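Add chain B to chain A, keeping to what the hints say.
If you want the building blocks of each chain, they are given just below.
Number of protein chains: 2
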Amino acid sequence: MRFETLLIVGGGLIGSSIARAARAKDQCKTIYIADTSEAACKSITELGIADGVADGHADHFAAQADLVILCTPSARLATTAMNLMPSLKAGAVLTDVGSVKGHLVQALAGRLRKDIHFVPGHPIAGTENSGPEAGFAELFEKRWCVLTPPKGTNETAVADLIAFWKGLGSLVEVMDPSRHDMVMATTSHLPHLIAYTLVGTAIDMETVTNKEVVKFSAGGFRDFTRIAASDPVMWRDVFLTNKTATLEMVDRFIEDLTALKRAIRWDDGDMLLDNFAKTRDIRRRILDADKD
Amino acid sequence: MRFETLLIVGGGLIGSSIARAARAKDQCKTIYIADTSEAACKSITELGIADGVADGHADHFAAQADLVILCTPSARLATTAMNLMPSLKAGAVLTDVGSVKGHLVQALAGRLRKDIHFVPGHPIAGTENSGPEAGFAELFEKRWCVLTPPKGTNETAVADLIAFWKGLGSLVEVMDPSRHDMVMATTSHLPHLIAYTLVGTAIDMETVTNKEVVKFSAGGFRDFTRIAASDPVMWRDVFLTNKTATLEMVDRFIEDLTALKRAIRWDDGDMLLDNFAKTRDIRRRILDADKD
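Chains A and B supply the protein sequences, listed in that same order.
Using UniProt numbering, the first residue of the first sequence is number 1, and each one after it goes up by one.
Using UniProt numbering, the first residue of the second sequence is number 1, and each one after it goes up by one.
Chain A extracted, bound-state conformation (with noise of 0.2 Å):
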């Protein structure tokens, strides 16, 4: 057991679950959940998956974690990780669970105190559904946590963490922040907007109606609904924290739209099997990757 007594700020589906994750694998002793919803409180409460909840000031259980993982909402994890700053205890591990981490890395260079070892944290899981009831202990189970610490960071600090998010039963791998960044925005920011803009587009039809487009949804459709109803706040803070890469990647994706409308316009069957043919490989290489 690296960390005796963990703090999880945000209570919601990460969060809770990485609580309920911690006690089934026997990670740490205590756990406590502090959130500013009063609902999410009461809710944490009844399902019993923390030792100890804050509605708001968690200054007290700060104190006392050996491991604090921030996981509100993108746009206010580093005010929360300066609010919290004065109350940690000397050694602390802090790290977080946004799906962005250059901004976050950036928001807070040279404001953290120099007894707190910061490792940033991206765990690749999630669901459609939020909120504590949503969680799960087995949301870990496989699924890939990245870490970004900062140059010059305690290796111990990274070791521990490392072992933490094995013991949850993720896979880790260490990246600098802006590649994990450019590389999210590749394989999951803009698939997510992606998403969203085309069940927007459908929805927004007038030759086509909505029952239609749910009662026909198996055509391909049904398959972006999913990605399409994920957390609306989660992915408005992530589309504007990693600016820079999704920008660079919806222009990629729209000259490459372009160029296959171009080819259909002009009845380049040739230019479009090229194309298609392309992508079947990389579904091969995933599902062998599955079974590994």
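Hints in this document: simulated from the structure, not taken from any laboratory.
These figures come from a predicted structure and were not determined experimentally.
Accuracy of the hints is not assured; some may be wrong.
One copy or two, either will do: identical chains are not told apart, so a pair holds if it fits within one copy or between any two.
Mimicking BS3-like on lysine-lysine, the simulated pairs with C-alpha atoms at most 25 Å apart in a straight line are [unchecked claim]:
hint, residue 1, residue 2
1, 291, 25
2, 243, 25
3, 278, 291
4, 142, 42
5, 261, 278
6, 89, 142
7, 166, 142
8, 215, 291
9, 166, 29
10, 278, 215
11, 142, 29
Relative to the frame of chain A, chain B by itself:
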């Protein structure tokens, strides 16, 4: 039993699944399959899913068939129909499973024998796999099949084909061909084009390796790869034959994506939130429809 003898032309995923389902659900007495591929014919014979298999020339089977279902690639449907025309039994029902209907109806308008009942169809079912081995009897279970009979089509022929598809487990809807093509452009064709594009854009990134794309695909990307692994030839033909509706949908989509991109660039969080919030409802309605 509405049709005693069935001829399926094209024994791939859809054709071989119809054969299996028709047998399993006792929807006809004799099932013939024709396929231009020698390998497919061998496989169909080995699978034992037909009472007779024809390599290319199916005239002798066509002369006996009460129902002929064309399951060839879209681009060959009209030619296949015209080639079989002289051999067909008087009073036979001729249908197909193509994803685009207006194009086929136009291509065959005024060219069909008066004693043949042409009822175009489109079962909205499939997987990313192709070939006779990929088929299974349950493929059409609780899935929609849309029939688009031209005005003046024999009502008994339409009723018999509806009964046949219901017999395979499908839900059936009758629709105008051009309306079908617009609905499918929205719920199926645009989603496929978008998925192909997105996976292509990710593969082509210079700064993110394909290995990283595979590794971190759980963030949203993965869902797109299943659709982007669909049969390239079939989808080339879909886009080229449903050109007008597809191009209109792509234009609308690019407009909507550009608006979201602009909101990201100018930090318009409210606009993003409004758009992301409205797409959740359609997911709930799809899940509700599943329950009914």
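Query raised in the report: Looking back at the numbered hints, which does the structure fail to meet, lowest number first?
Result: Hints 2, 4, 6 not satisfied by this model.
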